[in-house]
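Here are the chains, one letter per residue:
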Amino acid sequence: MRSQRGKRPVRNPLLSARPQNGKSLIPLDVVPEPLVETSHRGAGDEVVIRTNGLSRAFRKGLALDSLSIDVPAGRVLALLGPNGAGKTTTVRLLNGVLEPTAGQSRVLGLDPVAEGDELRRRTGVLTEQAGLDDRLTARENLLFTARVRGMRGQPASSRVDHLIESFGMGEYAYERTQGFSTGQRKRLALARSLIHDPEVLFLDEPTSGLDPTATREVIDLIAGLATRHGRAVVLCTHFLGEAGRLADEMAVLHRGRLLAFGPPAALAARLWPGLEAELDLGGPASDTTVEALRSVDGVLAAHNAPMGARVTVTGREVLPRLVARLVAHEIPVYASTPLPKTLEDVYFEIAGRIPRDGPGLGGIELGNGTEPAP
Amino acid sequence: MSRPNWQSIRAVVARDLTAVRRSKAIMLPMTLVPVMLLVVLPAGTAFAARTQDASGVSDFLNRFPAGLTDPIVGLPQHEQLIVLVNGFLIAPLFLIVPLMVSAVLAADAFAGEKERRTLESMLHLPISDRDLFIGKTLVAFLPAVAVSWLGFVCFAVVSNTLAWPVMHRLFVPTALWAIMIFWVAPGVAALGLGVMVRVSARANTTQEANQLGAAVILPLIFLAVGQATGLLLVDVPVALAIGAVVWLVALLLIGRGIQRFTRDQLATRI
Ligand SMILES: Nc1ncnc2c1ncn2[C@@H]1O[C@H](COP(=O)(O)OP(=O)(O)O)[C@@H](O)[C@H]1O
Ligand SMILES: [Mg+2]
Chain A
1 MRSQRGKRPV RNPLLSARPQ NGKSLIPLDV VPEPLVETSH RGAGDEVVIR TNGLSRAFRK
61 GLALDSLSID VPAGRVLALL GPNGAGKTTT VRLLNGVLEP TAGQSRVLGL DPVAEGDELR
121 RRTGVLTEQA GLDDRLTARE NLLFTARVRG MRGQPASSRV DHLIESFGMG EYAYERTQGF
181 STGQRKRLAL ARSLIHDPEV LFLDEPTSGL DPTATREVID LIAGLATRHG RAVVLCTHFL
241 GEAGRLADEM AVLHRGRLLA FGPPAALAAR LWPGLEAELD LGGPASDTTV EALRSVDGVL
301 AAHNAPMGAR VTVTGREVLP RLVARLVAHE IPVYASTPLP KTLEDVYFEI AGRIPRDGPG
361 LGGIELGNGT EPAP
Chain B
375 MSRPNWQSIR AVVARDLTAV RRSKAIMLPM TLVPVMLLVV LPAGTAFAAR TQDASGVSDF
435 LNRFPAGLTD PIVGLPQHEQ LIVLVNGFLI APLFLIVPLM VSAVLAADAF AGEKERRTLE
495 SMLHLPISDR DLFIGKTLVA FLPAVAVSWL GFVCFAVVSN TLAWPVMHRL FVPTALWAIM
555 IFWVAPGVAA LGLGVMVRVS ARANTTQEAN QLGAAVILPL IFLAVGQATG LLLVDVPVAL
615 AIGAVVWLVA LLLIGRGIQR FTRDQLATRI
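Residue numbers (the working numbering), protein chains in the order written: chain A, 1 to 374; chain B, 375 to 644.
Incorrect hints may have been included.
Not close to chain B: a few residues of chain A, all C-beta gaps over 12 Å, as computed [what the hints assert, rightly or not]: (1) S66; (2) R122; (3) L126; (4) A130; (5) L143; (6) A156; (7) S166; (8) G282; (9) N304; (10) R316; (11) P320; (12) E330.
Covered stretches of chain A, going by a simulated chain B footprint (3 or more residues, C-beta under 8 Å) [stated by the list, open to error]: (13) 145 to 155; (14) 212 to 219.
Quick caveat, the hints were computed from the structure, so don't treat them as lab data. Every residue gets a Cβ at the ideal spot worked out from N, C-alpha and C, and that includes glycine.
Turn these sequences into a full structure, and let the hints guide you.
In structure tokens, the structure reads:
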């Protein structure tokens, strides 16, 4: 199986354009059916996580409502949604910490309810709260986990020391974690979640509370882990920037319901037919230029923009023809840049469909500091 | 049901004990109370017996049914005070030690995990609910018994040494003491633990657990103090019976606790 990563152009969220919420072709009811796009899957993909109608009710109501997804090995799944969407509940259910009130799940082929300990031996979790005992040193905290995970003696010590060192915490190994910063705690907790080289890694808000530098470091660490063969990573977050950088698949939750699931690019293709591109013409395109663009085969839409024009085309292959047409009209073309939709664009498109009767998808923070689109 | 995984259980016990040893709020009462009860009090009694006339003791003893006080009344008058206090009255008071130590440690082990926000990461570890419960139980029970026994050894040494000029023989432990040490004290430790296990399920902080626990445990302490002041001077069969009742209640409480101690229940209250 191949990761989706290679195919998607990596874009720096700082440079990316504001989400363009073009009109969607799929009309949605008040309670939307989830938009699920998994047609890219190969039949041979080994599924690591599978849920079927997975639900969990608390006294207040459903925290998770009939979640049905499957995640192949080697993928990073971004579990997105505002606070209270049900992300943490999902992780707890998938790791057998909570029991579902309806539905089932399988993780690594195991039933989290009946085979929880067996499953937890093979999964690692970075909880939202680092969960370090402040009366213990960094090293003691990790050694405890190593021992519960069946390591002992010298191998346990050297594994712990190695991890602490490679997470840049070496000089604090023998200090109590009491005075540690949030970033240091996260790093230590991340190191701890990797002690046993887990096959499935759950990361619950790995960068919340971190400053930009620490966020960058943690994201780089996760990116390194995620590319390792055969591992699946579930990344819960409400920071879209980091999710966009890491995720092969995205699942959008809102008040316990799945709104969308699939690779961001595939979902984007469902939401927005065609590819958007920007043409740098040195200045706003004239009406005749726009007309000329519209007349090219494969152009779905065109309008002028401050530095030229924005076009929507059926595919990349249309762009050279566009440029040729412009050049034939003696219009200088400085650049033609495809603008593939990002995870952020998809997220806000999905979010934009939620009826505005409640708190909606507030609380979402963009990695690049822009405001949520209307 | 699978066999307990002792490596995991040991890891839990070792971690909690290391952490507890560094916590002043726990170590202070855990040392102060035993020292007061088992060293200062018997030492004071021994000094009093050496210096003062003890005729008041006979009057005190005369208020009880004859059978109960036989072992003391038969003694020479100058020995009566010391045997009464160190041989009999401190014995029930001594039970405060295992009760307090196990309750304080159990509150830290069960409610403290929630308070320190370490519970969730703990629940994501491959340790079964039962093993986690066993570990947490031992964290409270073993030190409670250890502190009691160590305290008793100190008590015996202090009592016998300081009272030697009066007694000219070893008079502690008495048969009553032996029952207290090996039968009632561990039972009381289990009882304190059982109460706190139940109470901690409702409490979110150690302090809350201690307050709730105190509401249950304080009446027991008053009972012990009441006993110590001579309202209920126990003899050996009564001590054996009290121990049996304590164990029964403790095991019932712990049994109920273990049934409710499931990951799902714990995670619901994180
Ligand atoms: N133990 C619990 N008891 C009652 N309600 C809960 C509990 N855990 C979660 N919830 C509720 O379930 C919903 C989803 O919570 P959660 O999974 O923590 O969301 P997220 O991690 O996406 O922020 C929230 O409305 C939350 O209040
Ligand atoms: Mg959460």
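Hints versus structure:
| no. | hint | verdict |
| --- | --- | --- |
| 1 | S66 | 19 Å, holds |
| 2 | R122 | 8 Å, violated |
| 3 | L126 | 9 Å, violated |
| 4 | A130 | 8 Å, violated |
| 5 | L143 | 8 Å, violated |
| 6 | A156 | 10 Å, violated |
| 7 | S166 | 20 Å, holds |
| 8 | G282 | 57 Å, holds |
| 9 | N304 | 54 Å, holds |
| 10 | R316 | 44 Å, holds |
| 11 | P320 | 53 Å, holds |
| 12 | E330 | 66 Å, holds |
| 13 | 145 to 155 | holds (count 6) |
| 14 | 212 to 219 | violated (count 0) |
In this structure, the earlier hints numbered 2, 3, 4, 5, 6, 14 are contradicted, and the remaining ones agree with it.
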